[in-house]
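Position one of the sequence shown corresponds to residue 1 (this note's numbering), numbered consecutively onward.
Take the hints with a grain of salt, since some may be wrong.
As the list claims (entries may be wrong) - The calculated DSS-like cross-link candidates involving lysine-lysine, where the alpha carbons are at most 25 Å apart (straight line), are:
(1) Lys32 - Lys78
(2) Lys269 - Lys240
(3) Lys241 - Lys32
(4) Lys80 - Lys57
Derived from the structure by calculation, the hints contain no laboratory data. Everything numeric in this text was worked out from a predicted model, so none of it was measured.
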Amino acid sequence: MSEIINYYNQFDEWGRLEREPIEFQVNWHYIKKYMPQTGSILDNGAGPGKYSMELAKDGYKVTLTDLTPRLVEIGRDKAKELDLEGQFEGFYAADARELNMIKDEQFDSSLMLGPMYHLQQENDRIMAVKELRRVTKKGGLVFVAFMPRIRHILTSLLFPENWRPNDNLDTIIQFSQTGCFNHADEGRFTGAYYFNIEDINPFMESQGFETLDLIGSNPGAILNNDNWNYWGRKGEQEVKKIIILIKEKATDPYILGISSHLLYIGRKK
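Given these sequences and hints, build the entire structure.
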């Protein structure tokens, strides 16, 4: 995990969600659609707390955890800066596989929008989901982010030099079989695991969850800067219409493979 911590120590994760606002807006739309109006929420693997802050603004009591201590401190500072400290019940540097500081069935709902990206061993993925289930109340909702394998295969074919060692077909084929990606260039996104889409719901259901939805958080990732500039020149209302359209189509199973991230929504049995 040290390489992953090093990566997030130098990466602007808050800024990523600012630069890729569609992902945040789509996720937030569906989180609010399913989330109860009040309650105690865990944001597990929260990064610097982009979702945590919005939940706190809406009156939820929030606990923030992340593997990277620096990001936890950024989250704490953001809460202070936004005068939201009173809505937080804790800030913890913690591994999603071992949430020892949290009691059983403590939360009405739990988010895990990052840890599943970096657990390459199946046992580790199971441990993280078991911990999420343990700390969530019976009947509570969970929101878990995944990265789809087919999308990274296509991305590697489109931009091979940017995703070494996926700059040759043999390595891409190997990745398609394992889902594990370790960047050849130091300091890049690495230690990653990408799911086959058809495995996500059965995996979560096998760990004691009822599936409510699986959405494409960012099918708009296929649009490049030139595309967005074209629509932007047509005016703000046209861009808003695109975002509304993407939100509406996010649940269409046929677009899941073109989205860079997916959001699983389930209920603890």
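Cross-check of the supplied hints:
Distance restraint check for Lys32 and Lys78: the Cα-Cα separation of roughly 21 Å lies within the 25 Å cut-off, and the hinted pair is therefore satisfied. For the hint pairing Lys269 with Lys240, the CA-to-CA distance comes to about 37 Å; that exceeds 25 Å, so the pair is violated. Proximity of Lys241 to Lys32 is assessed by CA-CA distance (about 20 Å); at most 25 Å being required, the pair is judged to hold. Between the alpha carbons of Lys80 and Lys57 the distance comes to roughly 12 Å, so the proposed pair stays at or under 25 Å and holds.
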